[in-house]
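Residue numbers (the UniProt record's numbering), protein chains in the order written: chain A, 1 to 338; chain B, 1 to 539; chain C, 1 to 286.
Treat the hints as calculated values from the structure; they're not laboratory data.
If a hint is listed, it holds; no wrong ones were tucked in.
If the Cβ cut is set under 10 Å, some of the chain B residues that face chain C in the computed set are: (1) N267; (2) L270; (3) Q273; (4) G319; (5) A323.
Sample of chain C residues facing chain B (criterion: CB under 10 Å; computed from the structure): (6) G53; (7) P58; (8) L59; (9) L62; (10) V76; (11) R78; (12) Q148; (13) P149; (14) G231; (15) S250.
Here a beta-carbon is modelled for each residue, glycine too, at the ideal position from N, C-alpha and C.
The chain contents come next:
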Amino acid sequence: MTRYLIRRLGQAALVVAGVVTLTFVIMRLVPGDPAVAYAGPRASPAELAAARRQFGLDDPLPVQLWTYVRDLLGGDWGTSLHTRRPVRDDLFQAFPASLELVGAALVVAVVVGIPLGVAAARYKGRLPDLSIRLSSMLAVSVPVFWLALALQTVFASGLGWFPVAGEYDTNLDRTSPLHVYTNVTAVDALFTGNWPILASTLSHLVLPALVIAAYPAGVVAQMTRAALIEESARDHARLERALGFGETAVLTRFALRPALNPVLSLVALVFAYSIVNGFLVEAVFNWPGLGRYAADSIRSLDTPSIAGVTLLVAVLYVAANLAVDLLQGVVDPRVRAR
Amino acid sequence: MRWHKRLLAAGAVAAVTLTAAACAGGKVRGAEGSPQPGASQSAADATFVYVPNLDVVTDWDPASSYSNEIIAMENIYESLTRYNPQTKKAEPRLATSWTSSPDGKKWTFTLRSGATFHTGKPVDAAAAKASIERTMKIGQGAAYIWGAVDKIEAPSPTTLEFTLKYPTPLDLIASAGYASYIYDTTAESGDLKKWFGEGHDAGSGPYTIDSWQKGQETELTLKAYDAYWGGWSGPHYKKIAYRVTPELTTAWQLLQRGEVTFVQRLNAQLFAQASSTPTVQTSQTPSFQNLLTLFNTVSGPLKDVRLRQAVQKAIDYDGLVAAMKGSGVAASGLVPEGLLGYSTSQTPKQDLPGAEALLKQAGYGPGGKRLDLTLTYAQGDSDQDLLVTLLSSALDKLNVKLTAKPLQWTTQWDQGKAKDPSKRQDIFVMYWYPDYADAYSWFVNVFHSAEPISFNLSYLKDAGIDKEIDELPALTATDKTAAEKAYGDLQNKIINEKAAVAVPYVQNYQRAFAKSVQGYTDNPAYPNVVFVYDLKPGA
Amino acid sequence: MTAPGGVLPLRRTPLRRLAGVDRLAVAGAVLLALVVLAALLAPWIAPYPDDGGSATHPLEALVPPSGAHWFGTDQVGRDVLSRVLFGARTSLLIAVAVLVISGVAGVVLGVVAGYAGGWVRDVIMRVTDVFLAFPALLLSLALAVVLQPSVTTVIVAIAVTWWPWYARLTASVAASVATRGFVDSARCLGVPAPVIVFRHVLPNSLTPVLVQLSLDGGGVILTAAALSYLGLGAHEPTSEWGLMVQQGQSLFTTDWWVVTFPGLAILLTAFAFNVLGEGLRARLAR
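Let the sequences and hints guide you as you build the complete structure.
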């Protein structure tokens, strides 16, 4: 196990190194001069030279890469050209909001996707199966930004059931101020007993979370169905049927638990995808997360911020992958041999 | 099966520690600093939430500020006078009365007593003199408005005397939206400009900066200045929040649901919907604000005047105004109707065959080389979107590829000001409005040569044109007919001969705001500004 | 986007095994054929072919759906139906270009990795790991910011993130093929390595890749539309569905048709790809 752990950690470190290098290379493709962008167009030649020195732009590229890595490790992720604040601080502020949104979406996806997958497997080849398969394919085919607009127009603007945009009603900041510990608003509100903000946040969460949940719900339903069908064809299922268990019981009592293994590792992997998919949704619902931050950065040609967002999500993805593999290694020794 | 539970637990722990590390200690969100229990929860503390589509603040220094922040600055700072668009006259603000000598070269302003800066110091003549002199010395933004001033004196704390080089309506100039602010120049002993830049203010207006976080949705909040000379008795908004919302539909829906108070601009369709919605009010006012399409006269393909003229002719002016469905009117030249220098004979028309002929001459056009042009414009402005769609379609027929990028204003402006000419755009789209009711500002700021580049984003550098522009103020003061002729001549040179600019339309200000707001009138002399102190929050 | 950890069986399958009829696959194929036909015939079947290009009619802006304009007109008076039909060309062009580029690059690298094994395989696989760490939209986004927005940028940006999937898939298939008897015999007979790779290993690795390609068509279409929606892809006056949604976004509450139809077109096309891919996969798994 230790050897597997070391090997897998080494691989992950290698990938992270590659991710950092690739981000660095992309950001160096920028046609503009970061020193000019930072110092401003009115900067004197001396100020410009100082900015160049500060960014180390006079050094050879490998040295610049090394400086970049050193700064990243030291917690310096650069300064945003738009907000003029350290990118790391911006990310720390924006990421929890994204986490909140995607977390809620994944809960919805699991709660909706798994029962649908079970139902499809139970009625394999019949009408419920076909309709569930088709709707899950529909769910993974829908352009999220369009779905977001449609739900916003119908359920927020038209019917008025849910708020239009934002994370919670900011007027509440005055009537019941929120004490921030984790920056995840719903969690903070829950733990500090701030019910008005909690209620407001939850109602603001519904629509964007549903939109983001579409894709993971679709793949979870498909995966659950496939895994269950595979599992229910095994010998133990035949035995259970022979013992008189009905088809539903075979699926839910015996086949579901082992089938959930791949499904849940899928959820962990879909997480990073959903964060990025969420970018499009956050822009529509003005959700103060990474996506809106990225959209603002695009319109400000703010490369340090884009690089920061890219790195953060990529590292998150590597971490999710690693966690899944390690835990599978713990559960299933065969994995370690691979 | 245990492993996935552990996975989730591990994930949750990791997430919590990650975020907790960022912000330990339980800071209070929204209100900067600590909440004031008891003091602030009453209904009288209504907040006025203003929705712009672009970032608010580019420059906090009242001397050089010359951009979108006017919507905040006019609530923080005050000038000697304020322009009333109904009477077309200046009205008292920090000055209560003023007189001018018969030859118009000596002006005496009597200042209000009892007014104080947010720093606590009294607003007196010496302070006013110091702030105008600092603004003139820095010489950026709209500082040119004081160009006629020879000498300022402060014989008593309430008397401010100006001696001018040539006669000019100084009471109007003192009402300008920019560079006319009176502020405390002693607010910081060190670098005052840097101090302003950190988000401090030294004005005398009804509101003062509460919090400022660039790039946040609610970028800026202002709070009441308790010692404001006008007092706070009666109903007033005690706070102003500026909530940047680039997406119009979102802005409209927020207003509809009562989450915001005032939306600067919608599109024509949403404005029509707003007009028929009982919970909101609308206001439509003709403005002095027109759209400028500035062509890069110095570098890139548009250095060739024939290509600039071709692009001018490719714009579907009539179609654009039709598609805007009432949010703008056709322009005639650089000067909008209602100002000295306006002429009806400069109405532009689309002329595709003419454009094609010009392109052909330069070796481009259908069958020739492909011309690639870049254009930058403001995010979240549906009228500029329309212009871009129509222009890129028309140019496409002429074998010209237009790459248009919607940007944040600061980004667009910085790119336009880039030191390296090759990094600048070919076409720069922006709005312009006068600093006071006079057309001079279009010419001196946008078409007079200037180094470093500020708003002369067509990079025009023509000694003859510069000279004519420099003569405008004195001419306006002495000989209106000659001034009118000079304006006509300059517009002909800039638009037709140099083809430095095209003017697609003049905006109609279309505001939508909550029914509860009482007393709003649009003052087009202060573009997009809401003087929040003058409003009453209703039920 | 490709479902990570897809359940595609990694074994050699001759293409003819797919020939059997699967209803889903047929349905997907029919849908897709309709979209392809719309794209190919757009200039002839569009009611106002010029509107798919650079024509504008601002005086007829925002006309609701009617007999003359089945899908209504947009903010500058162009027929939305015509633009949706022409938009199929842009979307399919992007999809085909991305799949061909990333498919070829991925398969070549994958076959080399799978056949050669050893350090070559390790290097290639570690590189794919790095690229796979970026969700497709994320890396495309970063690339599209630093490149000028255009259809070509979209193709390059997506292809860069897409090839590793095929490289990995091909590598594992190729590795299993490479250990088979006929490859060994060829090697013993002195057939040069490149010939073995391209004559024997490559053809046998193609089927799963082809199925994966058809599954991924939908993902590419969605990613391309998303990039254009963010203003990083196609620009006016190109007919592109994502761009149409973005341009009409602020009209959704007042003039619903401008946004609704291009959005449905994206949905339908991505759905067609997914149904076809699913059908093929189910067939293959059997």
